[in-house]
Amino acid sequence: MTDHLDTAAGRRIAYHRLEGEGTGVVFLGGLMSDMTGTKAVALEQWAALQGRPFLRFDYSGHGQSSEAFEDGCIGDWAEDAREAIERLTEGPQVLVGSSMGGWISLLMCRRLPARVAGLVTVAAAPDFTEDGFWAGFSDLERAKLMREGRIFVPSDYASPYPVTRRLIEDGRDHLVLRDPLALPFPVRFLQGTEDSSVSVETALRLFGHAKGGDIRLTLVKGADHSFSTPDCLKTIEAAIFDVLARI
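For the sequence shown, counting from 1, position 46 maps to 46 in UniProt numbering; every step adds exactly one.
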């Protein structure tokens with residue numbers, strides 16, 4: 001059953017929550033993804049078998065939540081995540097961030113350090129608005145974006161989607177690879193070698209930048225950005241088990 005959380009900013013966030021015992025797990029999805037995706041649902045089923053608390057939710061402008069996707073930005077979605085974690089979970093959580101959710105989860109590690117027990121990322125895409133979109137645009141595309149407020153970029157999963165000037169400019173206020181990134185808890189970064197959206201170089205840059213005593217990067221040969229095959233799902237579950245065992 002889908003429930004809804006009304007945020008301080010007036011956005012309505014759709015979520016599914018499992019009750020349970022022990023350290024909870026929170027899944028943070030990717031850009032234009034939603035909480036009905038393969039990884040989110042599979043991990044909820046895994047958590048149910050464990051009797052463990054679990055939360056999945058839709059950022060504003062995604063899935064069943066309020067607002068339009070085009071109106072959103074990293075700051076909005078990070079605030080949605082912060083309120084969901086603070087108001088819908090109890091105690092420290094293991095965050096599982098997929099793609100953009102990896103970036104959002106890293107922001108949560110900075111903003112809610114007392115509520116993060118561990119971190120697993122899947123094809124994490126930190127700073128992608130600057131290092132992916134903006135860096136990849138031509139001078140003409142940049143000029144059009146600044147002049148018209150948006151341009152459309154192709155997607156591997158659907159029709160082209162809008163990248164807005166607000167998304168780019170707001171993203172610059174939330175970058176995590178330019179300043180120290182302390183992760184003082186168990187961390188497992190997972191990355192596929194055939195990911196056409198997030199490069200292995202990005203994963204290595206994050207791995208090299210993060211500071212902590214228990215950080216590991218696992219490269220899965222042949223895995224793509226979705227990281228949703230049965231073997232990949234088992235890899236995610238194993239990473240969560242590993243983090244939980246070391247808390």
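Watch out, some of these pointers could steer you wrong.
[Stated by the list, open to error] Label-pair ranges, simulated between beta-carbon atoms:
(1) Ala68 to Leu175: 33 to 41 Å
(2) Arg205 to Tyr161: 18 to 26 Å
(3) Pro160 to Phe241: 36 to 44 Å
If you're looking for bench data, these hints aren't it; they were derived computationally from the structure. Beta carbons are placed, not taken as given, at the ideal position from N, Cα and C, and that holds for glycine.
Okay, the hints, checked on the actual structure:
1. For the pair Ala68 and Leu175, the supplied restraint of 33 to 41 Å is violated, since their beta-carbon distance comes to about 25 Å.
2. Against the hinted window of 18 to 26 Å, the Cβ-Cβ separation of Arg205 and Tyr161 comes to about 25 Å, which satisfies the hint.
3. At roughly 39 Å, the beta carbons of Pro160 and Phe241 sit within the given window of 36 to 44 Å.
Checked against the numbered hints above, the structure breaks only hint 1 and satisfies the rest.
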